[in-house]
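Chains as they are written, first to last, in numbering that gives the first Met the number 0: chain A, 0 to 210; chain B, 0 to 564.
Any given hint could turn out to be false.
Covered, in the sense of this in silico footprint (three residues per stretch, anywhere, with C-beta under 8 Å from a C-beta of chain B), are these stretches of chain A [stated by the list, open to error]: (1) 100-108; (2) 173-182; (3) 195-206.
Calculated from the structure, these hints are not laboratory results.
Quick reminder that beta carbons are idealized off the backbone N, C-alpha and C, glycines included.
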Amino acid sequence: MKRRELLRAGMFGGAAAALTPALAAAQTKAAENADEKSELTPAQRGVDASNELKGANWKPLFLDEHQNETLIILSDLIIPATDTPGAKEALVNRYIDLVMAAETHENQKAFLGNLAYIDGESMRLYKNAFRYLSREDQDDLLHTMAYSNSGSTWTGEGSSADVGHTNFEQLKTHIGVAYYNSPIGTKELGWDGAYSHGVYQGCAHSDGSHK
Amino acid sequence: MSFAYSDQDPLKQTYDAIVVGSGATGGWAAKQLSEAGLKVALLEAGRAITPTEFTEHTPAYQLKYRDHDPEISRTRPIQKQCYACMEYNYTWFVNDLENPYSTPADKPFTWQRLRVLGGRSLVWGRQSYRLSDNDFKAASRDGYGDDWPISYAELSPWYDIVEKYVGITGAAEGNEMLPDGQFLPPMKMSCGEVLLRDRVKAKFNRTVTIGRAAVLTQPHNGRNACHYCGPCERGCRTFSYFSSPFTTVADAQNSGNCTLITNAVVAHVNMDNATNKASGVTYVDRLTREVKEVRGKTVILCAQALESTRILLNSSTREYPNGLANASGALGHYLMDHVVGGGAGGELPNMNEKPNANEPDRPNGIYIPRFRNAPSTKKSSQFIRGYGYQGSGGAVFNFGAEGYGATFKKAVKDGSYQIGLGAFGESLARWDNYIEIDKSLKDAWGIPALRISMTHGDNEKVLMEDAAAQAAEMLEAAGAKNIKVQARTEMPGMAIHELGTARMGNDPKKSVLTPFNQTHDVKNLFVMDGASFVSSACQNPTLTMMAITVRGCSHLIERFKTNDV
Numbered sequence: 000m001k002r003r004e005l006l007r008a009g010m011f012g013g014a015a016a017a018l019t020p021a022l023a024a025a026q027t028k029a030a031e032n033a034d035e036k037s038e039l040t041p042a043q044r045g046v047d048a049s050n051e052l053k054g055a056n057w058k059p060l061f062l063d064e065h066q067n068e069t070l071i072i073l074s075d076l077i078i079p080a081t082d083t084p085g086a087k088e089a090l091v092n093r094y095i096d097l098v099m100a101a102e103t104h105e106n107q108k109a110f111l112g113n114l115a116y117i118d119g120e121s122m123r124l125y126k127n128a129f130r131y132l133s134r135e136d137q138d139d140l141l142h143t144m145a146y147s148n149s150g151s152t153w154t155g156e157g158s159s160a161d162v163g164h165t166n167f168e169q170l171k172t173h174i175g176v177a178y179y180n181s182p183i184g185t186k187e188l189g190w191d192g193a194y195s196h197g198v199y200q201g202c203a204h205s206d207g208s209h210k
Numbered sequence: 000m001s002f003a004y005s006d007q008d009p010l011k012q013t014y015d016a017i018v019v020g021s022g023a024t025g026g027w028a029a030k031q032l033s034e035a036g037l038k039v040a041l042l043e044a045g046r047a048i049t050p051t052e053f054t055e056h057t058p059a060y061q062l063k064y065r066d067h068d069p070e071i072s073r074t075r076p077i078q079k080q081c082y083a084c085m086e087y088n089y090t091w092f093v094n095d096l097e098n099p100y101s102t103p104a105d106k107p108f109t110w111q112r113l114r115v116l117g118g119r120s121l122v123w124g125r126q127s128y129r130l131s132d133n134d135f136k137a138a139s140r141d142g143y144g145d146d147w148p149i150s151y152a153e154l155s156p157w158y159d160i161v162e163k164y165v166g167i168t169g170a171a172e173g174n175e176m177l178p179d180g181q182f183l184p185p186m187k188m189s190c191g192e193v194l195l196r197d198r199v200k201a202k203f204n205r206t207v208t209i210g211r212a213a214v215l216t217q218p219h220n221g222r223n224a225c226h227y228c229g230p231c232e233r234g235c236r237t238f239s240y241f242s243s244p245f246t247t248v249a250d251a252q253n254s255g256n257c258t259l260i261t262n263a264v265v266a267h268v269n270m271d272n273a274t275n276k277a278s279g280v281t282y283v284d285r286l287t288r289e290v291k292e293v294r295g296k297t298v299i300l301c302a303q304a305l306e307s308t309r310i311l312l313n314s315s316t317r318e319y320p321n322g323l324a325n326a327s328g329a330l331g332h333y334l335m336d337h338v339v340g341g342g343a344g345g346e347l348p349n350m351n352e353k354p355n356a357n358e359p360d361r362p363n364g365i366y367i368p369r370f371r372n373a374p375s376t377k378k379s380s381q382f383i384r385g386y387g388y389q390g391s392g393g394a395v396f397n398f399g400a401e402g403y404g405a406t407f408k409k410a411v412k413d414g415s416y417q418i419g420l421g422a423f424g425e426s427l428a429r430w431d432n433y434i435e436i437d438k439s440l441k442d443a444w445g446i447p448a449l450r451i452s453m454t455h456g457d458n459e460k461v462l463m464e465d466a467a468a469q470a471a472e473m474l475e476a477a478g479a480k481n482i483k484v485q486a487r488t489e490m491p492g493m494a495i496h497e498l499g500t501a502r503m504g505n506d507p508k509k510s511v512l513t514p515f516n517q518t519h520d521v522k523n524l525f526v527m528d529g530a531s532f533v534s535s536a537c538q539n540p541t542l543t544m545m546a547i548t549v550r551g552c553s554h555l556i557e558r559f560k561t562n563d564v
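So that you can see chain A by itself, here it is in the shape it has in the complex (with noise of 0.2 Å):
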C-alpha cells in the first residue's frame, strides 16, 4: 500500500476514535439543546444537495424558458464537453437559476441585463435570438466579445469601457463559479474525492537549485 493510501485508510478513523472521549466528550454533551440544533447550517447537519437539481422533471424557479435555454448554449459555448463533460453537463443553467431566484432584486436584474445584451446584440447583428443563431453565428458573436477592446487605441477612439466584454465576463463568471463547483467541474480539476493527499511535501530540489 502505498503512503498515501495508508494515511486514508488509517489516520483519520485512528484519531476520531483516539481524540473523542478526550476532548470532544464534554462539547458533545453540551450541544444537546434542540434550539441549538437548529441553528446549525445545512451542511452542518450533513445534508447533501448535490442531487437536488438532477430531477428529471425540473422546472425553472427564476428564469422563463427563452433565457433558460439561451443560458443553457451559452454555457455549452463557453465551458464545452471536450474530453470531460462540460457546463451543458454539469447542469449550470439549473444551478444559476437556483442561486437567482434567492438572490436580491438588483443582482437579479442585473443578471437578466448581461443575458439580454447578448440577445440584444443578436439583434443587432443578425437580426435574430441569440439561441436561434447557428454555432457559426454565435461563436463569432461571443468572439467579438470575449477578449477586451478598451484600452485599444490603435483604431484612434482611445480607452473607454468595453461594454460588451463587461456583460461577457459577467455571464463567464457565473457559469464558471457554477461549473467548477459541480461534482464535474470539480472532478474536471482533478479532485478524487479524497480530502486528505497526504502531508504537504514542498520543494524537493536540493538547496541552491532554484536559481
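Fit chain B to the given chain A structure using the hints.
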C-alpha cells in the same frame, strides 16, 4: 479554595471566578484557574459545539448554493466580508441584524464576531508570532506613544507555556524583530517560496521564513497532526489546529471545577459599591431572553477587545459614571487594528508545475518579519514602526483565463505559478480612535451597542505604500513577471486584529489595567484579551493575548492563595 460552590443550580453559586468569553483567552483563563482548584463559571454568548458539525471535508457541490448562498449577504453583510463566513458555517458568525453597531459616516469599520463556544478561535488564521522589546519598548526607541509596562523577558516564559501546549509549527531564525519560540517541526516551503527566500536573503539580507502557525505537524498533547485537507475555518475533526473548545475549554471542564454556561449574553458587570468590588455579571439568555445573574469573587472579561470594553462601558455606576474602571478616562480609547492593503503579486515563470486538486493543501504560508526601523537597519524618514508580510507561492488554477471554449477550459486547468505578499502594518495607538456606547442603538437582547470611531492615519498609509513597493522589489528579485502592486489602506477592522480600548500601564491616570490585567480601579475585575494592548506591533496578536492571559491568571492564583482578592 472553594467556598460556596455546589453542584446544584449554577446560578445559585458564588464562583471564585467568572470568565466571560470562551475563545482563545477565555479558554486559557478557565483552564488555568479551574486546574488550580478554583471554581469557575465560563460564560459564552453563543451555543455549544460538537465536532460532528465540522464541514472541512464537505465538497461545495453538496451545499445547496455551492457556497454562494445569497441569504448570507442579507443577514450577515458585515460578517461576509471575512472569507471564513461561508455557507458551510455562517451561523457561527453573528447575525448583523441582531448585533448592530454604528460608525460615523466617514469612518467605516468592519467588526467580525462569532458567538459560539470557542469564538473566533474556530476560524482564526492561526499565525502565531512573538512580540519583541522592539515592540514592547517601541516608544522609548522612537518617542511615539507609551511603552508597555512589561518587557519581553517578563513575557517570554509565558509564551513558552502557551506554545508548548498549543503546538506551534515554525522555524527558528534568530531574527532581531521576531523572537524564536518553542516550535514543532516546520512545514515545507514550495519551490517558488524557496526561490523567493534565497533571492531576498542574497539581495536584501531579509528573512523569509515559513509561517509560524498553531497547526500540528506531529501528534501533540492528545491531538493528531494536520492531514492537509485545507479549510481549517470549517473546523477540524482531528483537532490539529488550535481552537479552545477542544483544548483549553475541554481541560477546564475535565478539571471538574468549571461550569460552562452557554447562550449567556453578558450585559454588564455588577458592583458592590460598599466594597468597590465586582460581585458578578448580569446576562440575557440568548434563546429565552431571560435576564439572569451569576455571582463571583472575581470577574475576568475575555470577550474580545471591543466586547469586553463594551461590557465595562455598559456597567456604569454612580461612582463610575463614564464606564466601570474608567477613572482614567482611557477606557474605550486607543483602538487599533493592523493596517492591511499593501502588497504585490506576480507570476513565476519556468516553475514547471501545474495545479492539482489532489495535492495536500498546506494551511499556512510564508512570513517576512518586519525589517523597517529595526535596530540594525537605517531609520526611515517617512514613517515610524513597520510591517511584516504574509504570503504564499504555488501553482493555482487560472479561473480568470481569457476567452472561452476549449482553450479557456484548458487554460484554467493548466493554471499558472503565482506568488504574492500582503503586509500587516502597525496601527499606531491614538486617543482619537475610540469606542463609546451608542445611546440610540441596542442589540436584539436590549443591550446598548457600540459606536466605533476609527481611521488609519498618515503613518499607516505610508506604511502600506512602502510595503507595496518593497513587495514588488522582492518579487522582482525572485524573477516574478506581470507583477501587480496594491497600495491601498483598507478600512479598519479588515485585519480582524482589534486591540486596545482598555490598555495596561503602571500609571492609573493614563491606563485602565495593571501589568497583570487587573483594573486599576476595581481590585477583583480583570480584562484579559486584546483590549489590554498598549501598542499593536505588526505581528498577529493572538499568541501574545494568550501569553498575557496565562501570566495574569498565574498572578491571580497567587493572590487567591494569600486571600488577597
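Where does the structure disagree with the numbered hints, that is, which hint numbers, in rising order?
none
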